[in-house]
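Here are the chains, one letter per residue:
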Amino acid sequence: MNITSSDLREDILKMASIVESNLEQALRVEVELKDVFVLENEINKFHTSIDDSVFKYIALKTPAATDLRIALSVMKMNSELERIGDQAVNIKRNLKRIAKLHPSIDSLSEEVKMMLRNSIDAFVKHDSKLATDVIHHDQEVNDLYRDIMKTFIGQIKADFIDFDEGFSVIRLAKCLERIGDLSTNIAEDVIFLESGTDIRHNAHIKFGRRKEDQVVTDKLKDNHE
Amino acid sequence: MYLKYRKLKNLIFHFSLYLCAALVLIPLVLIIFFVFKMGATSINLDFFTSLPKPVGEDGGGMKHAILGTLYMVSIASVISIPLGLLCGVYLSEFGKGKVATLLRLTIDMLTGVPSIVIGIFAYITIVVPLKSFSAMAGGVALSIIILPIVCRSTEEILKLVPGHIREAGLALGLPRWRVIFNIVVKGNLSSLTTGVMLAISRAAGETAPLLFTAFGNMYLSYEIDEPMASLPVQIYNYAISPFDDWQRQAWAGSLVLIVLVLGINIFARTLISLKHIKFRYRG
Amino acid sequence: MNNIVLSVKDLNVWYNDFQAVKGISIDYPEKSISAIIGPSGCGKSTFLRCLNRIHEEVPGARAEGEILLKGRNILGSKIDPVQVRRSIGMVFQKPNPFPSMSILENVTLGVRLLGVRDKSKLMQVAEQCLRKAALWDEVKDKLSQLGTSLSGGQQQRLCIARALAIDPPVLLMDEPTSALDPIASLKIENLMSDLKKDYTVIVVTHNMQQAARVADYTSFFVLGELIEHGACSDIFTNPKEQKTEDYITGKFG
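Protein chains in written order, with the working numbering: chain C, 1 to 225; chain A, 1001 to 1283; chain X, 2001 to 2253.
Each hint should be verified, as a subset may be incorrect.
Which bits of chain X does chain A cover? Going by a derived footprint, with three or more residues having C-beta under 8 Å, they are [what the hints assert, rightly or not]:
#1 2021-2031
#2 2052-2062
#3 2104-2118
Examples of chain X residues lying across from chain A (beta carbon under 7 Å, computed) [stated by the list, open to error]:
#4 K2078
#5 I2079
#6 P2099
#7 Q2145
#8 V2170
#9 K2251
Okay, derived cross-link-like pairs now, SDA-like style, lysine to any residue, Cα gap no bigger than 25 Å in a straight line [said to hold, decoys possible]:
#10 K56/C with K2022/X
#11 K76/C with N2207/X
#12 K1037/A with E1223/A
#13 K2094/X with N1182/A
#14 K2022/X with K2187/X
#15 K56/C with D2010/X
#16 K2094/X with M1109/A
#17 K125/C with D35/C
#18 K2187/X with I1165/A
#19 K56/C with E2057/X
#20 K1186/A with K2022/X
#21 K34/C with K125/C
Source of the hints: derived by calculation from the structure; they are not laboratory data. Remember, predicted model here, so these are calculated numbers, not experimental data. Even glycine gets a Cβ: it sits at the ideal position worked out from N, Cα and C.
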């Protein structure tokens, strides 16, 4: 039994790449639901095996400092990624119910895919700044989602489109917005991993002692104002 | 107030300790001082290279006694060092049963036997049957003096070797005798040498065991079955003689003897301090 | 991989009237690290010392049962303990290089006294073992210095090299890092993981985390009894016995 922290990093990256392609596949109209389920199964296997590895790693190696943060971050990222996988399945289901293309959904899904990719890139490259950008980006995704919701509720009310079609679009957008949130969580995990600072829920508390933290908190402040 | 009292007490104790140390040193310093003062004037090359002149004639030396002492100490060493070392090894490595307890008791008692008694013992067992004083008898008497010292110092030194050193040797699949000789004894050879040298220096200065055994001789002799001169006996004989020149030579002999014994002692102790056992086992 | 090298069957050990080890049976697979943990006085050192019969050094010690080394009972009365110890090496709690011997002499003493005289062969053994013990680079320029002149951690690695020199398939370690500082301990732990490639290592340790870090299997002893034996990943994540749980969580012992 010889797990190292780099093994954990490697495993979570493998899982992340599957999650990414799962989302990609889910958003393609021509891909069937069962194909998405194949990837989803893979993801679930990783989900359990990574949790088990982290569990044993902590129990047997009593990691400290960076190693401990890697273990905890990997464990958290593990559940975020698994949920993203679930959302991908939901996306596929809703996409199947939509008859025609809606450009606003396309731009939302591009934004969200970029957020996910960047959050994972930030993890790979130990890049807190990129992670901060992802967090920053979440607001835009939220705005896009709100716009889509407003537009389609309006259209349904005005009977411009079929109710089922409109509702599915809204649900699809909701799924994408959730993935944006989950990517943000991954970015927060990366910042915790790289700096040891937990920036969740207290973006306004300014106690950043390191430069990176300062950047994060400043950006978040700008964002919220 | 209390502090002052405490400091005063401390001062008094310190002072008395230094005083005691000084008192112990005084006899040694005085002896060395007198021996040097009296002996230095009569010592010369002649003293080391020539034999005594006939009574009444001045000059002459103690060549025969110096060589005699070396000769008999060598005989004693040859007999008692191997025996003492082996005995000490036995006591430290196997010394647990009744035999060992008895042996240890015997050796302790042997250490306590007055040297004159040892002389008489050698007289009865060797001189009387052979009907002659001899260097052999002197050597045997000295060896009985050396034996318990070598034995106990060997035991004590080897006992300081921690048990896990022996176990480490055994764990390498070495037979016990290999562990004892190649690791325990060889590893402490310098300390063992020191113990042996201290014992020899003790024997070199003994007079009493030689009085009835080697007896003394005014001529140079290398024969093992004939009387032989030795420094302590020669000093004794000269010192009680009525002749001024002999008395002066006795002082000179004392000086040589004291330098010899002190020299061996200091050399041995330097060896100890250079390679101190406890120092070498620091974790 | 799962060949059993050493198999202990119903081992009981007494010191005179006191029974220190009570009916313990454990199998040790080849090329693995097994740890023995337990509170002080639980018989773990006694158990370990029986495995190469060094327990016979303590007067009054007596072992009953079977210890099969590749199928042969080494506790048998016809077996010479000296032969047993050539197959089962041991490293002790305190680093104990032999006194007045150089580093080179320390490492090669075992093979020299077993009859190897050839200088180049001895040198080769020394280099190989010192490399295996991850000490070569630190001492290669001072092989003629006293073994005792090294630091504690280096001394312990020297002792490991010395034990490896006679090439025993099984290596016993009795609390090998308890006298060392954390960094030196870590070096020894890494070394143990390396040794696993060629040797079967059985280590007694007071340090549970050490057992968790380096071992494949762990046995937990209390008062001479084996409470639990299993893969480290089970013992330290989900022990079956309440006593084990209490011990590794620091509630008992």
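The hints, checked one at a time:
With 0 residues carrying a beta carbon less than 8 Å from a beta carbon of chain A, the segment 2021-2031 of chain X misses the three-residue requirement, and the given coverage is violated. Check on the segment 2052-2062 of chain X: 4 of its residues sit with their Cβ under 8 Å from a Cβ of chain A, so the three-residue criterion for coverage holds. Judged by the Cβ-Cβ criterion of 8 Å, the segment 2104-2118 of chain X is covered by chain A as claimed, because 4 of its residues qualify and three suffice. Taking 7 Å as the C-beta cut-off, the interface hint given for K2078/X is violated, the closest approach to chain A being about 17 Å.
Checking I2079/X against chain A: minimum C-beta separation of about 13 Å lies over 7 Å; hint violated. Among the interface hints, the one on P2099/X holds; its C-beta lies about 4 Å from the nearest C-beta in chain A, closer than the 7 Å criterion. The beta carbon of Q2145/X is not positioned within 7 Å of any beta carbon in chain A (closest approach about 13 Å), and the interface hint is therefore violated. Hint on V2170/X is violated. Least Cβ distance to chain A is approximately 12 Å, over the 7 Å limit.
Hint on K2251/X is violated. Least Cβ distance to chain A is approximately 32 Å, over the 7 Å limit. Between the alpha carbons of K56/C and K2022/X the distance comes to roughly 31 Å, so the proposed pair goes past 25 Å and is violated. For the hint linking K76/C to N2207/X, the alpha-carbon distance of about 30 Å lies beyond 25 Å, and the restraint is violated. For a cut-off of 25 Å, the pair hint linking K1037/A to E1223/A is broken: about 35 Å separates their Cα positions.
For the hint pairing K2094/X with N1182/A, the CA-to-CA distance comes to about 20 Å; that is within 25 Å, so the pair holds. The hinted pair formed by K2022/X and K2187/X fails the criterion: a straight-line CA distance of about 34 Å is larger than 25 Å. Taken as a hint, the K56/C and D2010/X pair is broken in the structure, with Cα atoms around 32 Å apart against an allowance of 25 Å. Of the pairs offered as hints, the one joining K2094/X and M1109/A is violated, with about 38 Å between alpha carbons and a cut-off of 25 Å exceeded.
The hinted pair formed by K125/C and D35/C fails the criterion: a straight-line CA distance of about 31 Å is larger than 25 Å. For the suggested pair K2187/X and I1165/A, the alpha carbons sit about 23 Å apart, so the restraint of at most 25 Å is met. A hinted pair counts as satisfied when its Cα atoms are at most 25 Å apart, and K56/C with E2057/X does not qualify at roughly 40 Å. For the proposed pair K1186/A and K2022/X, the alpha carbon gap of about 40 Å is over 25 Å, so the pair is violated.
Of the supplied pair hints, the one linking K34/C and K125/C is violated, its CA atoms being roughly 34 Å apart against a limit of 25 Å.
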